[in-house]
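K.L.:
Residue-level listing of the chains:
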Amino acid sequence: MLSVNKKALEIVNKMIEKKEELNIDVIKLENGATVLDCGVNVLGSWEAGKLFTKICLGGLAHVGISLSPCECKGINLPFVKVKTSHPAISTLGSQKAGWALKVGKYFAMGSGPARALAKKPKKTYEEIGYEDNADVAVLCLEASKLPNEDVADHVAKECGVEPENVYLLVAPTASLVGSIQISGRVVENGTYKMLEVLEFDVNKVKYAAGLAPIAPIIGDDFAMMGATNDMVLYGGITFYYIKSDENDDIEGLCKSLPSCTSKDYGKPFMEVFKSADYDFYKIDKGMFAPAVVVINDVTNGKVYKAGKINAEVIKKSLGWIEL
Amino acid sequence: MLSVNKKALEIVNKMIEKKEELNIDVIKLENGATVLDCGVNVLGSWEAGKLFTKICLGGLAHVGISLSPCECKGINLPFVKVKTSHPAISTLGSQKAGWALKVGKYFAMGSGPARALAKKPKKTYEEIGYEDNADVAVLCLEASKLPNEDVADHVAKECGVEPENVYLLVAPTASLVGSIQISGRVVENGTYKMLEVLEFDVNKVKYAAGLAPIAPIIGDDFAMMGATNDMVLYGGITFYYIKSDENDDIEGLCKSLPSCTSKDYGKPFMEVFKSADYDFYKIDKGMFAPAVVVINDVTNGKVYKAGKINAEVIKKSLGWIEL
Amino acid sequence: MLSVNKKALEIVNKMIEKKEELNIDVIKLENGATVLDCGVNVLGSWEAGKLFTKICLGGLAHVGISLSPCECKGINLPFVKVKTSHPAISTLGSQKAGWALKVGKYFAMGSGPARALAKKPKKTYEEIGYEDNADVAVLCLEASKLPNEDVADHVAKECGVEPENVYLLVAPTASLVGSIQISGRVVENGTYKMLEVLEFDVNKVKYAAGLAPIAPIIGDDFAMMGATNDMVLYGGITFYYIKSDENDDIEGLCKSLPSCTSKDYGKPFMEVFKSADYDFYKIDKGMFAPAVVVINDVTNGKVYKAGKINAEVIKKSLGWIEL
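Residue numbers (this note's numbering), protein chains in the order written: chain A, 331 to 653; chain B, 331 to 653; chain C, 331 to 653.
Rather than coming from a laboratory, the hints here were simulated on the basis of the structure.
Be careful, since some hints might not be right.
Note that identical chains are pooled: a pair holds if it fits in a single copy or bridges any two copies.
[Claimed, not checked] Only pairs whose alpha carbons sit at most 25 angstroms apart, straight line, appear in this in silico PhoX-like list of lysine-lysine: (1) K593 <-> K645; (2) K349 <-> K573; (3) K475 <-> K349; (4) K585 <-> K403; (5) K573 <-> K646; (6) K348 <-> K573; (7) K573 <-> K645; (8) K336 <-> K349.
In this text, all values refer to a predicted model and were calculated from it rather than measured experimentally.
Based on the sequences and whatever the hints tell you, model everything.
P.N.:
Dropping the structure here:
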């Protein structure tokens, strides 16, 4: 079985080697753990954003940052592309932000390979039937503060590895690397909704690909939470290749998957969040999905498309000013 | 002289090393030959499709699988990009499906570097003035069964190499890798028509590039033959940079090159094939060409464009369902 | 501090190693200097164009040559993409064509890392606060003749390095590599105008990206000077992420930056040049800028866009013939 932590470590080591070029900082903690600051006290870079995203995906995806010569309905932004031939493992088994890390006063959303060691949450790993038994743990943190020894010790313990084998990568929501890695969840947003909302067995997804615009830095971490969500919800395009079983309704799945099926669709995420009194649990879970979904049912040879790009909401979300 | 087989072998070795990640299988035959199963009993992957295509091109091309944020007239699919600065050698001297391999009951269309050793067909190698004398043979097979020792022995003999130096890569038409590698022939479809139909000296093509959508898996090998052809015929875009001689009519060449010049143009390939009583020889050879051709005559500085994308036929060919 | 010359040397060595595949020639001069002919007596290649451009940028940028499935208002050409997280150093400290090299009868515009050793011009390096003290000098020359020992000696002396540590890369304007590397200046055209015309402190630009079509070879070096300029002026798209200070007027900067703000905008460069009696100094400096500019002010979270693609002028400039 492929180890997402070992695959990720190869990329971590490459980042450490090129740290100056990547505008990142590498901090050795007293317990031997390594922190890669990708945006807290440093600028980060396009390349660091790409590698951070690939690490999040357990190394089992191709990640690129690209530019297009064409405007999509009046908007043109750099975008992140993801392609994976291990969709369940790389997106749900690794990339999903499934580990709410709380150690003392430190809080961060954890994602990436280390989750597969600590089984966060256990249910996901049962559903996708994956486990990793690497002796190294690589965890990605969306946070605006760097973690200390206590955090690393906690991660080491939860993962069953030595503290010196713990690697913590950190990028704030309001940073280039943070913005890239969140848009890089475009494929995961779809597999997540499949599994958690539509209760579809994601192991049947054999290949997947997707892209989403990278949100410019339009404010602080809170404001960026809105903008980064909108990139996927209103600008994300995804492709899923599914080996269906006889009783699967893939047409229904495709119809239900894009964000536009949600009752909360049509407004920037921040407005929806405000209407929900800033309570995540009041927001329709079905909204967290890509704007466009193309599904190829490779069993019966059908190709379905649902959803659409909504440039107007993207512009509104970003406060896009046309001069 | 560059050796397409030696260049390809570097990539083959990389594939063997990463076989688990690539979802491929590596089988050592009793005579020492190596078979890379890229889609018969395995799933294959985006990356395997890219590397298979690059191997087909003798390693002398850049191959990428990309995504675009823009819909082209209502259709958006992952696409394969090819760029080569050795167009004649990489497309006609290697990638062309010029070796109909028949050994016992085994049949497969062979393409790729080994053709340059076995000179399949001899005429092509005389016309492009290329030969390879490597002691290793790399052959790509479009087939839904894996080859055995007899096949490998036959290839070894035809290529004048030892069986243990034979590498056979296999992908069915109805597989992700198969679909990618066929769309990856978009540039070759043009150079092939130039040489075989329009009798233009392809050695004058100095650089070339192209892209074509990757067909979803819409059925079995037979159905996929139609869909994969349509990706190039109705969705392929190509760029050729030609050093013309005084008497060359490059404007005429560009006008004649795209698929739309054919009398059979306008319907999905499968319909054309059916009308021809499933007899390839009754189909206009001129139809097998990219949809769009841009030619830059670098001698006189002219730039010509002919042809157009036909999204309607692509949708029809794929049975594209808009939900 | 990162050394643009050392970073570039890594790429130079890769080019030397793959010279046959890249269609380039490597010439050792008697004084030990190395000349890489990328288009004078050789064809060059897509890959050589990409690496030449990356070397120009001191290795501190990602450079890609890409293709798009979509036509932008009727035009579709391969394009070059540039992303950098070291915009000031890579574009102005290295890529800028700031060294008019004249040695005996030899003349060429010099760009690339060696400028950072010879401080050409000194003012630029004071303004961006960068210096390199590498013992190796890599210089890129836009010229249709190869340099000799005298040229290499001159460069060595100006850079304070031994002649055997001098690497001179050469590509004519009217060559594939030349055309790629000029379009590859799309981001630099913007930072240059920021600094030289709008007097904005480019050190505040933290990340940048851009793309521009690659001009086909439409004539000799003189004709190509027009076409290559037009690719950026009428087809270039750029993204700048700026950390502004309190008194900066970033909206004004964005409004003033694209080429369309110039009084000379709207005609192919060659026509403008002719109207100016072929005198560069009579042309509005503000014209040398990308067609489209998107600026994200990361301090206050604003996103501005100014300018537009002008496919009509591009077609006119290239003599684009639709068949």
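K.L.:
Now, for every hint given, state plainly whether the structure supports it.
P.N.:
These are the hints, each one checked on the structure:
1. Taking identical chains as interchangeable, the C-alpha atoms of K593 and K645 lie at most 25 angstroms apart only when both belong to the same chain, with a minimum of 21 angstroms there against 30 angstroms between chains.
2. Taking the shortest alpha-carbon separations for K349 and K573, only the inter-copy value of 21 angstroms comes in at or below 25 angstroms, while the best intra-copy value is 41 angstroms.
3. Only within a single protomer do K475 and K349 lie at most 25 angstroms apart by alpha-carbon distance; the minimum there is 19 angstroms, versus 39 angstroms between protomers.
4. When the C-alpha separation of K585 and K403 is checked against a cutoff of 25 angstroms, the pair qualifies both within a copy, at 23 angstroms, and between copies, at 21 angstroms.
5. Proximity of K573 to K646 under the C-alpha cut-off of 25 angstroms is restricted to the inter-copy arrangement: shortest distance 22 angstroms between copies versus 38 angstroms within a copy.
6. In this assembly of identical chains, the alpha carbons of K348 and K573 lie at most 25 angstroms apart only when taken from different copies (24 angstroms versus 40 angstroms within one copy).
7. Proximity of K573 to K645 under the C-alpha cut-off of 25 angstroms is restricted to the inter-copy arrangement: shortest distance 21 angstroms between copies versus 37 angstroms within a copy.
8. Proximity of K336 to K349 under the C-alpha cut-off of 25 angstroms is found in both arrangements, the shortest distances being 20 angstroms within a copy and 16 angstroms between copies.
Of the numbered hints given earlier, the model fails none.
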